[in-house]
Amino acid sequence: MRITILVGTMSGTAEMVAEEMEDALRGAGHTVETLVLDDASGPELFTRDGAFVLCMSTYGSGNVPDNVIVLRDALEADRPDLAQVRYGVFALGDHTYQDTFCHGGESFDRLLASLGAQRIGPIRYNDASSSELPEDVGPEWVVEWAEALAASGEPVA
Amino acid sequence: MRHVAIIGAGPSGCYLADQLVRAAPDIEVSVIERLPVPFGLVRYGVAPDHQGTKAVARLFERTLGAERVRFFGHVEVGTDLAMAELAALYDAVVLATGASRERKLGIPGETLPGVFGSGAFVGGYNGHPDAPQLRLAGVRSAVVIGNGNVALDVARVLAKAAAEFAGSDLSPVLTAHLAQQPLETIHVVGRRGPAAAKFTTEELAEFRTLARAAVEVADPAALDAAGSAASPNLEVLKGFVANPVQRPVVVCFHFNQQPTAFVGDERLEGVEFEGPAGARQRLAAQLAVTCIGYETTACGTLVPQRGVFANEQGRIGEGRYVIGWAAHGPNGTIPGSRVAAKALAARMAAEVADHQRAGAVGLATLLVQRGVRIVDHGGWQRIDAAERTRAASDRCREKFTSVAAMLQVMAQ
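Chains A and B are the protein sequences, given in the same order. Residue 98 in my numbering is what sits at position 98 of the first sequence, and the numbering runs on without skipping anything. Residue 120 in my numbering is what sits at position 120 of the second sequence, and the numbering runs on without skipping anything.
It should be emphasised that the hints constitute simulated quantities derived from the structure, not laboratory data. Given the structure is predicted, the values throughout are model-derived calculations rather than measurements. Check the hints yourself; a few may be wrong.
[Unchecked claim] Computed beta-carbon distance windows for the label pairs:
(1) A:Leu35 x B:Gly275: 52 to 60 angstroms
(2) A:Asp39 x B:Met1: 52 to 60 angstroms
(3) A:Gly29 x B:Pro248: 53 to 61 angstroms
(4) B:Arg247 x A:Arg79: 41 to 49 angstroms
(5) A:Gln98 x B:Ala385: 39 to 47 angstroms
(6) B:Gly275 x A:Ala113: 51 to 59 angstroms
[Unchecked claim] Here are some of the chain A residues that sit facing chain B, going by a computed Cβ distance under 8 angstroms:
(7) Met10
(8) Met16
(9) Asp49
(10) His103
(11) Ser129
For each residue, glycine too, the CB sits at the ideal point set by N, CA and C.
Please construct the entire structure, taking both the sequences and the accompanying hints into account.
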């Protein structure tokens, strides 16, 4: 499968996790590219072939990381039809702030879903205050996710 | 190869090291740290019950172990070698020394037993080798002066019950010592109004989750008076007022109160404040902690002015740079320092020249000649492993709190 990992990060942790995911997916025979989102990232990136993995943290009062804001705002303004897009979500948060735990990943998931994109599998949550290390569980999760993606067949669009 | 020395292994130094090796394949970085252990504010500033925030250390750990990065722990510039000697070995030197000296209020009674600066108190509960052991006595009422996140950390560490430190790295001995205090009230006092408070809203809201403490606001009317400029912090404070709960400990927020004196005969007995229109009040206190900011300190021959090293976009002069709190004062978040590191790394990758300097190899040779006991990355990893291994089952780590104990691990 061809997979693009989209990284939303403030501290760099999600980027570290994405680098590990990339290695794991490649090891499983997939073609992978990691994109750390920036202000030049526009909605057209969803026209790429293949599926997408969002590897995204949460910042401040449950916001998406700063490097995701331009893309989010453009998606909200343009509202492109993303019916051909399939994606998975690895959401990083800190349960110390339980009111907003993983809201960054969740809000971006809702946005993509509202544009017709199809999420494969449930959101995978990771709590920075737990003993579960995202750089360990992220690669394991993403390989299983890619199997579920393959099993789900071609997009209906 | 171009060689860059970064002084200080805190968040700014580690982020910059990471960004420099990403920015240029011909840059090698030495990260030089005064203590045997890295991570600065992440290890010694971030509160022991905020392990999620401390988790960024795993990122820094990878950086220090990266191919073109070398860690020189237990090396102090200005003591073990002169700044000029360091500069002669590298193409560029970056000060990432943070801001470790606490600001003082400069009011009467500040040296009374029972009065702590935030450096001593936070360093104490985080096991900093330079901090005195925290010894409290019969604390029924504590006054925390300041309206930033350090004040919230101090208040929260005091307010939590012992069981709430499960999973943290607060030492069990200190946990028991805090639990022995007959604490009833923690006053958090700001010199300005509630809308000016610098609390991170999520950290203020976290007080809702405390098991044994309720939050009150001394003058709820002040929240409405400040209400024209809606702020998220005000909303959280109003929420506390609107939903009172009964708990054994009260955390009481006061605003617009200027501290004027710490009073007591042999120990602290109270703190005096002057409020709006000159109204004076005295809060009884057996403990006071001033959390009113930090400033950077001299590094070798480089001396700061007004608490920071004067710089132009991170550049001090030819081959000299500064980043983080040493550059702009004690404001900004840990992730924010990554953005600054990216910018400075891009600039340095473009403008640092290759002078054919000796870099890390030269530094190691010089220090070994002088008998300096370098703690390298492997040495730190042994200290790290020993701290985790000796931790109690409900703690993630039991820190060594002296440099001697850290070096002892190296000797084993």
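Now for the hints, and whether the structure bears them out:
1. A:Leu35 x B:Gly275: 52 to 60 angstroms: Check passed, 54 angstroms falls within 52 to 60 angstroms.
2. A:Asp39 x B:Met1: 52 to 60 angstroms: Roughly 32 angstroms apart at Cβ, these two residues miss the hinted range, so it is violated.
3. A:Gly29 x B:Pro248: 53 to 61 angstroms: holds (59 angstroms)
4. B:Arg247 x A:Arg79: 41 to 49 angstroms: Between Arg247 (chain B) and Arg79 (chain A), where Cβ atoms are some 48 angstroms apart, the hint holds.
5. A:Gln98 x B:Ala385: 39 to 47 angstroms: Given range 39 to 47 angstroms: violated, Cβ gap about 31 angstroms.
6. B:Gly275 x A:Ala113: 51 to 59 angstroms: holds (52 angstroms)
7. Met10: holds (4 angstroms)
8. Met16: For Met16 (chain A), the interface hint holds, since the closest Cβ of chain B sits about 6 angstroms away, which is under 8 angstroms.
9. Asp49: Violated - the Cβ of Asp49 (chain A) stays beyond 8 angstroms from chain B, reaching only about 27 angstroms at its closest.
10. His103: Hint on His103 (chain A): violated, closest Cβ of chain B at ~11 angstroms, above 8 angstroms.
11. Ser129: Because about 4 angstroms separates Ser129 (chain A) from the closest Cβ in chain B, which is inside the 8 angstroms limit, the hint holds.
Comparing the model with each earlier hint shows violations of hints 2, 5, 9, 10; every other hint is respected.
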